[in-house]
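Protein chains in written order, with our numbering: chain A, 1 to 529; chain B, 530 to 870.
For the record, the hints were derived by calculation from the structure and aren't laboratory data.
All residues carry an ideal CB built from backbone N, CA and C; glycine is no exception.
Watch out, some of these pointers could steer you wrong.
Straight-line C-alpha distance at most 25 Å; calculated SDA-like pairs for lysine to any residue [to be verified]:
1. A:K76 with B:T816
2. A:K76 with B:V611
3. A:K76 with B:N829
4. B:K770 with B:P836
5. B:K852 with A:D143
Listed next, the stretches of chain A that the computed footprint assigns to chain B, with coverage defined by at least 3 CB atoms under 8 Å from CB atoms of chain B [claimed, not checked]:
6. 82-95
7. 436-447
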Amino acid sequence: MPRPGFVLEVDRSTPPILFWRGENFSLEKLPAGRSRVIYPPEPLEALSDIDGAIRNALLNPIDQDPLATQLFPGMKLTIAFDDVSLPLPKMTRPDVRQRVIEAVLDTAAAAGVDDVHIIAALGLHRRMHEYELRHALGDRIYDAFHTRGMLYQHDAEDHDNLTVIGTTDEGEVLEINKRAADSDLVVYVNINSVAMDGGWKSITTGLASYRCLSFHHNPETLQNTKSLMGHRHQSALHTSVWRLGKVLKDHGPKIFQIETTLNTDMFPSPFEFINKREWEWTAKDRATFLGTTKSLNRTPIKLARKIFHGIEGPHQMTSVQAGETEAVHKITLEHVHRQQLMEVHGQTDILTLGIPFVSPYNPDGVMNPILVMCMGLGYLFNMYRNKPLVREGGVVIMTHPCYRDFNPVHHPSYIDFFEQVLSDTTDPAEMSRKWEKQYAEDEWYRHLYRTGNAYHGVHPFYAWYWGAHGLQHAGKVIIVGGDPPTVRRLGFTPASTMDDAFEIASDVVGRSPTITHLHVPALLIADVQ
Amino acid sequence: MKKYAPSRLHSLGQLRRVVKVGDAASGAVRTALRPIRALGFPYRKPMVPKGVVVPADPSKLGANFETGWARSAGAKAARSVVTNGPMRAFVKVVASPQVVGLDRLADLQRLDETPAVIFAPNHHSHVDTPLIITVVPEPWRSTLVVAAAADYFFDTRVKGALAALTLNAFPIDREVTSRKSSDELRKLIDDGWSLVIYPEGGRSPDGWGQEFKGGAAYLANRTGAAVVPVFIDGTGSIYGKGMKRLKRGTTKVVFGSPLRPIEGESTRRFNTRIEAAVAALGDEALTDFWTARKRAAQGNNPKLTGPEYNGWRRQWALAEHRKLGRAGVRRRQNRRWPDLG
Numbered sequence: 001m002p003r004p005g006f007v008l009e010v011d012r013s014t015p016p017i018l019f020w021r022g023e024n025f026s027l028e029k030l031p032a033g034r035s036r037v038i039y040p041p042e043p044l045e046a047l048s049d050i051d052g053a054i055r056n057a058l059l060n061p062i063d064q065d066p067l068a069t070q071l072f073p074g075m076k077l078t079i080a081f082d083d084v085s086l087p088l089p090k091m092t093r094p095d096v097r098q099r100v101i102e103a104v105l106d107t108a109a110a111a112g113v114d115d116v117h118i119i120a121a122l123g124l125h126r127r128m129h130e131y132e133l134r135h136a137l138g139d140r141i142y143d144a145f146h147t148r149g150m151l152y153q154h155d156a157e158d159h160d161n162l163t164v165i166g167t168t169d170e171g172e173v174l175e176i177n178k179r180a181a182d183s184d185l186v187v188y189v190n191i192n193s194v195a196m197d198g199g200w201k202s203i204t205t206g207l208a209s210y211r212c213l214s215f216h217h218n219p220e221t222l223q224n225t226k227s228l229m230g231h232r233h234q235s236a237l238h239t240s241v242w243r244l245g246k247v248l249k250d251h252g253p254k255i256f257q258i259e260t261t262l263n264t265d266m267f268p269s270p271f272e273f274i275n276k277r278e279w280e281w282t283a284k285d286r287a288t289f290l291g292t293t294k295s296l297n298r299t300p301i302k303l304a305r306k307i308f309h310g311i312e313g314p315h316q317m318t319s320v321q322a323g324e325t326e327a328v329h330k331i332t333l334e335h336v337h338r339q340q341l342m343e344v345h346g347q348t349d350i351l352t353l354g355i356p357f358v359s360p361y362n363p364d365g366v367m368n369p370i371l372v373m374c375m376g377l378g379y380l381f382n383m384y385r386n387k388p389l390v391r392e393g394g395v396v397i398m399t400h401p402c403y404r405d406f407n408p409v410h411h412p413s414y415i416d417f418f419e420q421v422l423s424d425t426t427d428p429a430e431m432s433r434k435w436e437k438q439y440a441e442d443e444w445y446r447h448l449y450r451t452g453n454a455y456h457g458v459h460p461f462y463a464w465y466w467g468a469h470g471l472q473h474a475g476k477v478i479i480v481g482g483d484p485p486t487v488r489r490l491g492f493t494p495a496s497t498m499d500d501a502f503e504i505a506s507d508v509v510g511r512s513p514t515i516t517h518l519h520v521p522a523l524l525i526a527d528v529q
Numbered sequence: 530m531k532k533y534a535p536s537r538l539h540s541l542g543q544l545r546r547v548v549k550v551g552d553a554a555s556g557a558v559r560t561a562l563r564p565i566r567a568l569g570f571p572y573r574k575p576m577v578p579k580g581v582v583v584p585a586d587p588s589k590l591g592a593n594f595e596t597g598w599a600r601s602a603g604a605k606a607a608r609s610v611v612t613n614g615p616m617r618a619f620v621k622v623v624a625s626p627q628v629v630g631l632d633r634l635a636d637l638q639r640l641d642e643t644p645a646v647i648f649a650p651n652h653h654s655h656v657d658t659p660l661i662i663t664v665v666p667e668p669w670r671s672t673l674v675v676a677a678a679a680d681y682f683f684d685t686r687v688k689g690a691l692a693a694l695t696l697n698a699f700p701i702d703r704e705v706t707s708r709k710s711s712d713e714l715r716k717l718i719d720d721g722w723s724l725v726i727y728p729e730g731g732r733s734p735d736g737w738g739q740e741f742k743g744g745a746a747y748l749a750n751r752t753g754a755a756v757v758p759v760f761i762d763g764t765g766s767i768y769g770k771g772m773k774r775l776k777r778g779t780t781k782v783v784f785g786s787p788l789r790p791i792e793g794e795s796t797r798r799f800n801t802r803i804e805a806a807v808a809a810l811g812d813e814a815l816t817d818f819w820t821a822r823k824r825a826a827q828g829n830n831p832k833l834t835g836p837e838y839n840g841w842r843r844q845w846a847l848a849e850h851r852k853l854g855r856a857g858v859r860r861r862q863n864r865r866w867p868d869l870g
């Protein structure tokens with residue numbers, strides 16, 4: 001029986017706590033009597049018969065007819081799926097998407113459907129490499145569909161293959177992939193790792209154009225999104241997306257949404273110690289930790305990255321539901337909450353976060369400084385419901401080496417963003433006004449996005465906006481162990497050690513601040529009362 | 530043909546001396562036994578009365594060959610050395626296998642106690658067995674028993690012992706599985722041993738497959754073990770039935786999703802389902818997943834048994850069929866590039 005989440009009040013007997021530091025770890029002693037550590041709920045049991053559950057979901061969808069009865073010979077069927085940004089780390093084969101799409105294809109084959117297109121719904125993310133597509137979909141689907149040109153990746157800049165579905169009352173234009181728009185049925189295959197994903201967001205972002213995304217991926221909306229993982233009515237982003245969803249429902253193609261949830265069993269042997277509570281580490285765990293950190297200290301960073309990005313998580317499916325988008329998503333959220341939601345009482349002056357080697361925007365790539373900000377203030381800070389774990393004006397302390405290192409293939413526009421935009425301003429609203437258009441319409445970035453494996457030119461702005469709410473909320477952001485000039489360029493304060501960071505924070509929160517540490521890997525939603 | 534070591538008898542004289550020594554030895558034995566012979570029955574074997582037929586001792590060969598020792602810890606360790614050493618090297622050099630579909634076994638693999646299963650591949654060559662033994666994933670590989678034709682592999686003691694030790698072969702009648710065989714196989718599955726059974730009953734005589742016999746389906750029905758359909762492509766060209774020597778080539782092994790008998794499903798129907806699953810995997814191996822699934826949905830996967838007609842056209846079709854496969858030159862499909870304007 002998996003244990004629920006746990007809030008540890010740190011006392012003098014509490015061992016040092018594990019922090020991620022990019023491609024390494026550290027143990028940090030938190031002050032006794034005024035610190036707490038939030039441990040996420042343990043991974044739920046996976047479904048015992050995953051393929052059976054998928055077949056059952058297709059046969060008994062929610063508020064829709066069974067998939068088989070919606071398919072007929074001569075129809076246009078489009079299957080769209082979430083891209084490489086999910087799940088993290090990548091899951092051991094077979095991936096959930098492969099299982100679901102194979103089941104959908106079996107049903108389509110039985111119904112005599114020939115015209116099937118499979119589209120990676122990557123929005124403005126980078127195109128997936130062949131090995132990533134093979135991992136997500138399996139060799140069978142890749143070999144059968146890619147050579148025929150029936151498996152491809154969405155292109156948000158291919159204006160000939162985009163179509164406007166309609167406009168919301170607020171003036172937001174829904175422009176999505178033309179093939180999907182013209183289909184008799186769109187089957188969307190989703191992985192809901194966090195509460196932010198799924199629902200109408202799947203298609204209205206994954207298959208949308210830059211123009212469509214810019215209506216909600218902007219500083220104003222994201223500053224009013226409190227939070228991304230929390231209640232929908234407190235998220236301006238989701239409110240906008242749901243308006244677009246209504247347009248899609250009323251004027252778009254018929255959609256059969258398949259949503260899946262995973263448990264949080266993210267790290268395999270020998271990295272089990274990452275998932276454990278420190279006082280439960282066995283001699284083996286301690287030896288593994290020491291061996292790992294000592295060797296990583298002497299490992300070249302490129303090799304360390306290769307090792308970490310090679311990890312395949314043993315996470316498995318905890319639920320699958322299909323049918324009408326909103327009805328399905330409601331149940332999906334219940335399953336996400338069953339795994340991730342835990343109650344926490346009160347805010348503290350300081351929030352500490354260990355930043356890992358990976359975020360949704362650097363699978364198999366470099367965690368550059370902008371993504372460190374996005375992961376800390378965009379994702380981990382937002383892992384709350386009701387109110388943030390840190391009080392307004394409090395301090396956020398992150399641990400990461402924060403190298404000035406970029407992957408030029410995946411993140412070409414991030415390099416210029418760091419050098420040009422961040423040296424000018426770190427204010428999301430100002431950079432949006434002054435710089436966003438130039439990056440979004442840059443021909444070279446557009447070319448790299450469309451033909452290479454680069455994120456869209458505007459993507460570093462979106463990554464920065466993702467942390468806009470956290471940036472606005474926190475009085476100070478400190479990065480422990482980060483490269484000082486790089487950290488200063490981000491607008492944050494560097495610190496050598498955690499004690500130094502607490503000392504620096506005392507300017508803002510006084511000499512005896514209360515501290516919350518979010519134990520990462522944590523996929524949890526802190527329901528702060 | 531066996532080749533003897535060069536004789537050390539260099540001359541006729543030497544040969545005569547050896548024969549003489551042999552004669553002297555046999556004479557000495559006869560002389561020594563003479564007093565016992567004189568004693569007669571019961572010291573000697575009784576005479577058989579005329580007109581009486583003494584029933585023959587049950588044979589210890591064929592289906593009665595005792596193979597329990599081959600599953601002892603010592604034999605298992607020895608087999609592991611053979612499997613992971615010379616056998617794997619042999620398979621790699623001779624058959625260069627490409628293995629696909631192992632992800633379909635992932636759900637069974639991640640269970641705390643991995644259940645025993647029955648692997649049911651098509652059968653074209655003696656190379657199939659070492660191939661399948663080396664490509665089946667752990668934990669099944671180390672607990673794999675191969676059901677081998679009793680009349681072929683267990684007709685002599687030496688052959689039987691070698692087959693039992695190196696392949697963990699278990700004798701089984703090709704046509705009708707005896708109650709004893711089936712009971713023992715069932716016991717093996719209950720004890721956690723997985724089986725490789727070739728449902729075709731033997732190697733293909735002409736390069737096309739044969740109709741499946743019900744052994745695997747019957748055992749699955751009796752034991753509840755899942756049947757894993759497997760398609761092996763290419764071994765027929767490497768060392769097919771009737772070939773005098775090995776011809777190196779490439780092979781492809783496709784594992785299918787485990788099948789279980791549906792409640793109330795007869796052995797015959799389940800056997801048909803297994804055959805259809807292997808045929809669909811064969812189609813997938815030679816074309817692609819989507820083509821195979823569409824044809825499977827319509828029951829149109831090319832049959833393993835090949836075209837209905839006989840004679841040269843059947844052989845002709847076989848040559849065309851092999852061209853599609855891993856063993857031959859793979860037909861390249863036209864690649865369609867996205868139109869970027």
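Okay, the hints, checked on the actual structure:
1. Restraint check for K76 of chain A and T816 of chain B: the C-alpha separation of about 23 Å stays at or below 25 Å, so the hint holds.
2. As the CA atoms of K76 of chain A and V611 of chain B are separated by approximately 54 Å, the hinted pair breaks the 25 Å bound.
3. Restraint check: the Cα-Cα separation between K76 of chain A and N829 of chain B comes to about 23 Å, which is no more than 25 Å; the hinted pair holds.
4. For the hint pairing K770 of chain B with P836 of chain B, the CA-to-CA distance comes to about 19 Å; that is within 25 Å, so the pair holds.
5. With a C-alpha separation of about 18 Å, the suggested pairing of K852 of chain B with D143 of chain A holds against the 25 Å cut-off.
6. Three residues within the 8 Å Cβ limit are the bar, and the stretch 82-95 of chain A against chain B gives 3, so the coverage statement holds.
7. Counting residues of the stretch 436-447 of chain A whose CB lies closer than 8 Å to any CB of chain B gives 0, which falls below the minimum of 3, so the coverage claim is violated.
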